[in-house]
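Peer 1: For the protein sequence lines, the chains are H and D, in the order given. Positions in the first sequence are counted from 1; adding 20 to them yields the working numbering. Positions in the second sequence are counted from 1; adding 60 to them yields the working numbering.
There may be inaccurate statements among the hints.
With a straight-line Cα cutoff of 25 Å, these simulated SDA-like cross-link-like pairs (lysine to any residue) come out [to be verified]: (1) H:49 with D:183; (2) H:101 with D:568; (3) H:213 with D:600; (4) H:212 with D:158; (5) H:86 with D:449; (6) D:600 with H:113; (7) H:101 with D:539; (8) H:79 with D:444; (9) D:64 with H:42; (10) D:158 with D:191; (11) H:56 with D:424; (12) H:101 with D:424; (13) D:472 with H:97; (14) D:600 with H:159; (15) D:602 with H:113; (16) H:192 with D:491; (17) D:568 with H:194; (18) D:194 with D:178; (19) D:371 with D:152; (20) H:79 with D:423.
Just the calculated beta-carbon pair ranges, DEER-fashion [unchecked claim]: (21) D:491 with H:201: 19 to 29 Å; (22) H:70 with D:218: 33 to 43 Å; (23) D:584 with H:180: 46 to 56 Å.
For the record, the hints were derived by calculation from the structure and aren't laboratory data. All residues carry an ideal CB built from backbone N, CA and C; glycine is no exception.
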Amino acid sequence: MAGKDIDLNVYLNAVKGEADLVLTTIRHKGAKRFGKAFAMSGLLVAAAYFGVYKPPQDKISRLTEKIEAARAMSQSSTAYKEVRDQLAGSYGSLPLLKDQQQWLSNAMIDSLRADNLTPEMFRPVAESEASGLIFQTSSVQMTVRFNDIYSWLLRLEGATPMMHVSNLEITKKQDMIGWNVVSASVMTAIPKKRFN
Amino acid sequence: MSAKIDQLIDTLAFGKSKPASGPCLGLYLSPEMLYIAETRPGKGGAVTVDHLVRIPIPPEGKAAAAGTMTMSTDFLADPVKIAGLIRQSMSQIRWNSKNVVVTLSHHLGLLRYFPMPPMDRRFLLTSVPIEAKKYIPIPFDALAHDFQAEAMPPDAAGKPRLGVLIAVTQNKNLANVQGLLTSLGLNLIGLEVAPCSVLRLWQAVEPAKGPEPFVQAHFDGGNVRIMICDRGLPVFFREVFMGATASLGDQRKVDMTGCLSFAQKQLGMTGISKIKLSGTPATLGPWKDAFATETGVPVEIQDTAKLLSIKGGDWGGYAAIGASTRACAPSAVTIDLAAKDRVGDDERQTARDIIIAGMAAALLIAGVGIFQSTTYSQRAKVLNEYRIEPEVEAALQGLRPSDIDLKLIEMKDQLEKLRGVTGTERLAISSVLRDVVALMPENMWLTKVTVLNPLLSEKAGLELSLSGRVRGATGAEEQDTAFQFKEVLLRDPNLGARFDVQISVQGKGAAPEAAGGGLDPEALARRLESRTEFVIDMRKRKP
Numbered sequence: 021m022a023g024k025d026i027d028l029n030v031y032l033n034a035v036k037g038e039a040d041l042v043l044t045t046i047r048h049k050g051a052k053r054f055g056k057a058f059a060m061s062g063l064l065v066a067a068a069y070f071g072v073y074k075p076p077q078d079k080i081s082r083l084t085e086k087i088e089a090a091r092a093m094s095q096s097s098t099a100y101k102e103v104r105d106q107l108a109g110s111y112g113s114l115p116l117l118k119d120q121q122q123w124l125s126n127a128m129i130d131s132l133r134a135d136n137l138t139p140e141m142f143r144p145v146a147e148s149e150a151s152g153l154i155f156q157t158s159s160v161q162m163t164v165r166f167n168d169i170y171s172w173l174l175r176l177e178g179a180t181p182m183m184h185v186s187n188l189e190i191t192k193k194q195d196m197i198g199w200n201v202v203s204a205s206v207m208t209a210i211p212k213k214r215f216n
Numbered sequence: 061m062s063a064k065i066d067q068l069i070d071t072l073a074f075g076k077s078k079p080a081s082g083p084c085l086g087l088y089l090s091p092e093m094l095y096i097a098e099t100r101p102g103k104g105g106a107v108t109v110d111h112l113v114r115i116p117i118p119p120e121g122k123a124a125a126a127g128t129m130t131m132s133t134d135f136l137a138d139p140v141k142i143a144g145l146i147r148q149s150m151s152q153i154r155w156n157s158k159n160v161v162v163t164l165s166h167h168l169g170l171l172r173y174f175p176m177p178p179m180d181r182r183f184l185l186t187s188v189p190i191e192a193k194k195y196i197p198i199p200f201d202a203l204a205h206d207f208q209a210e211a212m213p214p215d216a217a218g219k220p221r222l223g224v225l226i227a228v229t230q231n232k233n234l235a236n237v238q239g240l241l242t243s244l245g246l247n248l249i250g251l252e253v254a255p256c257s258v259l260r261l262w263q264a265v266e267p268a269k270g271p272e273p274f275v276q277a278h279f280d281g282g283n284v285r286i287m288i289c290d291r292g293l294p295v296f297f298r299e300v301f302m303g304a305t306a307s308l309g310d311q312r313k314v315d316m317t318g319c320l321s322f323a324q325k326q327l328g329m330t331g332i333s334k335i336k337l338s339g340t341p342a343t344l345g346p347w348k349d350a351f352a353t354e355t356g357v358p359v360e361i362q363d364t365a366k367l368l369s370i371k372g373g374d375w376g377g378y379a380a381i382g383a384s385t386r387a388c389a390p391s392a393v394t395i396d397l398a399a400k401d402r403v404g405d406d407e408r409q410t411a412r413d414i415i416i417a418g419m420a421a422a423l424l425i426a427g428v429g430i431f432q433s434t435t436y437s438q439r440a441k442v443l444n445e446y447r448i449e450p451e452v453e454a455a456l457q458g459l460r461p462s463d464i465d466l467k468l469i470e471m472k473d474q475l476e477k478l479r480g481v482t483g484t485e486r487l488a489i490s491s492v493l494r495d496v497v498a499l500m501p502e503n504m505w506l507t508k509v510t511v512l513n514p515l516l517s518e519k520a521g522l523e524l525s526l527s528g529r530v531r532g533a534t535g536a537e538e539q540d541t542a543f544q545f546k547e548v549l550l551r552d553p554n555l556g557a558r559f560d561v562q563i564s565v566q567g568k569g570a571a572p573e574a575a576g577g578g579l580d581p582e583a584l585a586r587r588l589e590s591r592t593e594f595v596i597d598m599r600k601r602k603p
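Using the sequences provided together with the hints, build the complete structure.
Peer 2: Shown next as structure tokens:
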């Protein structure tokens, strides 16, 4: 069955003719003459854009964002929970940011008191910051028996939040049998931001 | 339909207001007689004449106009005088409109129809006046004109042609008519020539039954007007003035055959269906037979006055009535000499194209918008495919996908850092010291313990340096004990698996029995205690 051929050139020539007419007339008469026609066309386009096109576009745009967010949430859900739980575990063993000022020194004093130890020297807390963590160090020096040191170490290492013994030097005191001079540095770390 | 679209485009794009569609007066201006008519649409498209007033011009006015019978300007030179005549007549009747269509007699305006080569419509505005000079021997600078152009039958050689209907009047007449109506408090909504008005009336009272061209011959006493109408346009118009009456003896002057021959040869017109006769009833009968015999074309009499339900009328009166029907009776003739800032066909077409382009763009945009609206619910279903736990949703609510990824990266980064601080692999110093002390033999003791235990496990691990002494029977035995202790440490499941252990031993060299000569027992004991010293370095292995 032979189909009826459509000569596109006829239509193209017609469109070209109309375009020529429009351009020639506008050039000859000036665009101002057709201001109302242009304004009306613009109005129609604007009405179609703002009245019909834009509202669903905005709605769809918001929906697309929601879908993307839901997809991202769905894909990241397992990883998020895993990381969040692990972070929660880590946060549990670290002091809060609000306790930054006094916690370490107070905890040190409390631990010494708990073991009836009296320091000969207690240095103020030193602080440094790296990778979003605040590192605090407290140093102490005292003369004690080994059992007391051991007991104190057990207390520090079992403490929550964490009190980390970073340096320890136990020197046997020559002139006092059974006594030792102990120098210790205790550290802790405080996250500046917690992802709860 | 096309005319309505053109009108709409004119209104929208060029601010041309639609002609008044309500009651409208028709004013026929002639140096001999004035007519004012008011009509309204009747039942079934008929025309109902409410008023028709005939205003004779006083003899002095006629004398002034009689000098130039064609395209005179003298008659309207004194609008105040004419206005006085009109006002006097109008004051006796109540008129329902102030809108007036003025129609001009042959003294004041001309109508011509001529062929010209086809051309693009945008060139017509300049080409038509040039071509019209062949048919109107008056300088166009002094004339106001209006025309309309339509395709007409091809010439003898088969070449296509454009038929142009043009009306002209003196520019002065235009200004005078405007002044006349202003002084009367009337609004000019159209200005045309009488043949156009009368044709409109004839088409209104007795519409053509078919598309075939026809001839209308109108007799007003001795004044004969012959009009050939084709496609609704007066393509031929001839006026013959023969005194008081037109008898059959004047048939050659009327020359109906010549008129038809001209139309056939010059305008390519064929198939004239009939000749209609109108005008003074008493004279029509003989002319009917005469024309039928002369031309062989069917002839019929049209009693225009009867069709209008008026007592009688003449050319001027019918022209006034036809002018007053301009707003309500359809007509192919659109000529209006009073139209200022006329919109050309090319301009109208351009405006139409611009509006159509705007509409097309608007439709396209709206179409896309509507399509998107219809697909919204489909897309919304996708949202339900993602199951998210409420706690996760609450934590990540309001975040964009990129923000969610960023947050997860930050959390993982912090977790990595915290693992270095709170990692489970960390060894307790207390347990290491406890194990070391538990494994030490009786005759061995520590004098110094140094522990380095960095908080961040990514740096070096736990390191212990244990300094101590050994007591034995001989120096060799003491050193052997120290070395054995190292082996004990390495074999221990807790320590050996986790630490590299190195030992250095330093012996003072003297045998106890030799060294003891000459020393008191306390000094000897102290010396023997320090005879063998060792340092054990324990370094945590990296996993």
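Peer 1: Quick check on a hinted range of 19 to 29 Å for residue 491 of chain D and residue 201 of chain H, using CB atoms only.
Peer 2: 23 Å, holds
Peer 1: Decide if the proposed pair is consistent with the structure: residue 600 of chain D and residue 113 of chain H, CA atoms, cutoff 25 Å inclusive.
Peer 2: It holds: about 23 Å lies between the C-alpha atoms, which stays within 25 Å.
Peer 1: Is it true that the CA of residue 49 of chain H sits at most 25 Å from the CA of residue 183 of chain D?
Peer 2: Holds, because 13 Å separates the two Cα atoms, which is no more than 25 Å.
Peer 1: For residue 371 of chain D and residue 152 of chain D, compute the direct alpha-carbon distance and say whether it is at most 25 Å.
Peer 2: Given that 25 Å is the threshold and the Cα spacing comes to 20 Å, the pair holds.
Peer 1: Given the range 33 to 43 Å, decide if the beta-carbon distance of residue 70 of chain H to residue 218 of chain D lies inside it.
Peer 2: With Cβ atoms ~55 Å apart, the hint is violated.
Peer 1: Is residue 101 of chain H within 25 Å of residue 568 of chain D, Cα to Cα?
Peer 2: Violated - the C-alpha atoms of residue 568 of chain D and residue 101 of chain H are around 63 Å apart, more than 25 Å.
Peer 1: Verify the proposed pairing of residue 86 of chain H with residue 449 of chain D, using a straight-line Cα cut of 25 Å.
Peer 2: Status holds; Cα separation ~15 Å.
Peer 1: For the pair supplied as a hint, residue 101 of chain H and residue 539 of chain D, confirm whether the alpha-carbon distance does not exceed 25 Å.
Peer 2: 57 Å, violated
Peer 1: Keeping to a limit of 25 Å between CA atoms, is the pair of residue 602 of chain D and residue 113 of chain H held or broken?
Peer 2: 24 Å, holds
Peer 1: Starting from residue 568 of chain D, check that the Cα of residue 194 of chain H is at most 25 Å away, please.
Peer 2: 19 Å, holds
Peer 1: Between residue 472 of chain D and residue 97 of chain H, is the straight-line Cα distance small enough, at 25 Å or below?
Peer 2: Distance of about 14 Å is within 25 Å: holds.
Peer 1: Run the distance test for residue 56 of chain H versus residue 424 of chain D: straight-line Cα separation, threshold 25 Å.
Peer 2: Holds, at roughly 21 Å.
The structure fails to meet hints 2, 3, 4, 7, 10, 12 and 22 from the earlier list, while all remaining hints are met.
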